[in-house]
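**Student:** Below are the chains, spelled out letter by letter.
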Amino acid sequence: MSLKGKAAITGVGDTRYSRQSGKSVSTLQMEAALAAIRDAGLDPKDIDGVVAYGSMAVVAEDFITNFGIPDLRFSAVTPLGGASAVASIQCAAAAVAAGICNHVLIPIGRNGSSGVGGRIGSRVREMPQFRLIGEFEMPLGAIAPAQLYAPMARRHMELYGTTSRQLAEIAVSTRHNAILNGNAMMTKPLTVEDHQASRMISDPLRLFDCSLESDGACAFIVSSAERAKDCAKPVIQVLGVAEGHPDSPSAITQRPDMTRLGLAKAAPKAFAMAGVTHDDIDVAEVYDCFTYIVMCQLEDMGFCKKGEGGPFVASGAIKIDGKLPINTHGGLLSQAHMAGFNHVVELTRQLRGEAGKAQVKDAKVGLVTGYGDMGDGSIAIMARA
Amino acid sequence: METQDYQKPTPDPTPDTAPFWEGLKQGKLLLQCCSECGKVRHYPRPVCPHCYSMAYGWKEAKGTGKIHSWTISHHAFHPGFKPELPITLVTVDLDEGVRMQAQLRDGQPDGLKLEMPVKVAFEAATNDLVLPVFVPA
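The listed protein sequences correspond, in order, to chains A and B.
The first sequence: position 4 = 18 (this note's numbering), numbered continuously.
The second sequence: position 57 = 88 (this note's numbering), numbered continuously.
In short, the hints are calculated from the structure, not lab data.
Being a predicted model, the structure only gives us computed values, none of them experimental.
Just so you know, even glycine gets a beta-carbon here, dropped at the ideal spot from N, CA and C.
The reader is advised that the hints may include incorrect statements.
Said to hold, decoys possible - Here are the simulated lysine-lysine pairs, BS3-like style, with alpha carbons at most 27 Å apart:
| hint | chain 1 | residue 1 | chain 2 | residue 2 |
| --- | --- | --- | --- | --- |
| 1 | B | Lys97 | A | Lys320 |
| 2 | B | Lys70 | B | Lys113 |
| 3 | A | Lys319 | B | Lys144 |
| 4 | A | Lys320 | B | Lys56 |
Stated by the list, open to error - Chain A residues, not near chain B, derived (Cβ > 10 Å throughout):
| hint | residue |
| --- | --- |
| 5 | Leu86 |
| 6 | Pro165 |
| 7 | Ala265 |
| 8 | Gln268 |
| 9 | Val290 |
| 10 | Lys337 |
| 11 | Arg366 |
To be verified - Pairwise CB distance ranges, derived in the manner of DEER restraints:
| hint | chain 1 | residue 1 | chain 2 | residue 2 | range |
| --- | --- | --- | --- | --- | --- |
| 12 | A | Thr79 | B | Gly88 | 44 to 54 Å |
| 13 | B | Asp43 | A | Pro325 | 20 to 30 Å |
| 14 | B | Pro77 | A | Asp208 | 14 to 24 Å |
| 15 | A | Arg179 | B | Asp43 | 37 to 47 Å |
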């Protein structure tokens, strides 16, 4: 048995993304969750499973309280940082395939820009999976992901000749797509020269290699294949899904090959489960906390060989009219940092044909990835039924 | 410096990791070493991933190694590091086969290369905390 075709994304929703929401995280998540439930044509009381986000700002029981859910039969957390959203699809698909529940709500909401939870440098210090880093690297000054991930990019550059201008191409094409989106924080065109002139954060990562800090929320619903047919919108089937953890998952410093992410283990499983090839992928939403991470994932999924990611992204392949359009919503780099939940929302809209000005023509099969927590990876391959 | 005046994050050692920090205070770089199969591991943890033994000792490292990668941080992310920006953090392949990260001292950040030889040195951060640094070998 595999999870192929056992589950579908039936509803997606989001709030406005901003630097200052003026709303509580709880309010943001309820707003996005209700939008996703409406989108699916469901009643809030139909939700019988919740996978809450690992920050635990809002927990599954908050949805019982707010929606009056009479019998929540499944709750879980997938603590993989930015790989959580897509790992949640695997978790929820397994739950609905086993008959535990029918409709699993998967929300995120945060005041990542304005909020009490603090910005990224302070947030990661509080996360239990950062215990090793907290003891052995943060006291040396390696505090935030930009600093912890920069050595991966630097080594890739030294081994393969990858350049900052190649990474810039990712930031530029992602910004182009954000401008088309209509709900993106960054709406001013960006050039490679703008990227090169942006201030250095942690060499080789410049400001425009880094994702945003955002306020807002989004949510999606994973339903059993059987019950998905009752929902309002075209069924977006989950064909293949997997998560993968790199060697030395919690400390990049100790990773045998620091240019290889957990996604390298997950991607072959997801492609095999889905029974599709790379050429079948019409659109890809690739987790983009940093430009380098996008390039590395394209290699780890096999869209190009290890070391060839720089020329691949600079070739124009990843542009909206290229052979592999990526991050058609503007991603974490230019739409909003919703930990990749917005990537799931966007892929669903692309496959439904609801992606507006950024719609990829005839998008039938697509993939979405997650990356987080020092290198965990996740991938889902989906198609319109 | 008195511990209470120190403005940067400090380690919170556990019984599994405390000997590493105690070693630094004595000017020694101690690495955890499996008592069964003899393999060295870092960062410290309870189980040997090669033979699953939970018996271990500590071995003094030579303190020499080669640069595996690096970053030069121009943004502090923690106010305690602001006064010393930019900071150069090097990831080093120690001769014992494990890696370690530390700030680089007395080096030329612009001239860094993979495989560049470095050696460990020790800097007192507070009366009760010594941190490792690397210097060119």
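**Student:** All hints, please: hold or fail.
**Tutor:** Do the hints match the structure? See the list:
A hinted pair counts as satisfied when its Cα atoms are at most 27 Å apart, and Lys97(B) with Lys320(A) qualifies at roughly 23 Å. Between Lys70(B) and Lys113(B) the CA atoms are separated by roughly 39 Å; this puts the pair beyond 27 Å, and the hint is violated. Distance check on the hinted pair: Lys319(A) and Lys144(B) sit about 24 Å apart at the alpha-carbon level, within 27 Å; holds. Between the alpha carbons of Lys320(A) and Lys56(B) the distance comes to roughly 42 Å, so the proposed pair goes past 27 Å and is violated.
Even its closest Cβ contact with chain B, about 36 Å, leaves Leu86(A) beyond 10 Å, as expected for a residue assigned away from the interface. For Pro165(A), the requirement that its beta carbon stay farther than 10 Å from each beta carbon of chain B is not met, with the minimum near 4 Å. Distance check for Ala265(A) against chain B: the nearest CB is about 6 Å away, which does not clear 10 Å, and the non-interface claim fails. Residue-level check failed: Gln268(A) sits 5 Å from the nearest beta carbon of chain B, not beyond 10 Å.
For Val290(A), the shortest C-beta to C-beta distance to chain B comes to about 35 Å, beyond the 10 Å cut-off, and the non-interface label holds. The non-interface label for Lys337(A) is consistent with chain B: the shortest C-beta to C-beta separation is roughly 32 Å, beyond 10 Å. No Cβ of chain B comes within 10 Å of the Cβ of Arg366(A); the nearest lies about 39 Å off, and the non-interface call holds. As the Cβ distance of Thr79(A) to Gly88(B) is approximately 53 Å, the hint placing it in 44 to 54 Å holds.
At roughly 45 Å, the beta-carbon separation of Asp43(B) and Pro325(A) lies outside the given 20 to 30 Å, and the hint is violated. For Pro77(B) and Asp208(A), the hinted distance range of 14 to 24 Å is not satisfied, since their beta carbons lie about 49 Å from each other. Distance hint for Arg179(A) and Asp43(B): a CB-CB separation of about 42 Å, consistent with the stated range 37 to 47 Å.
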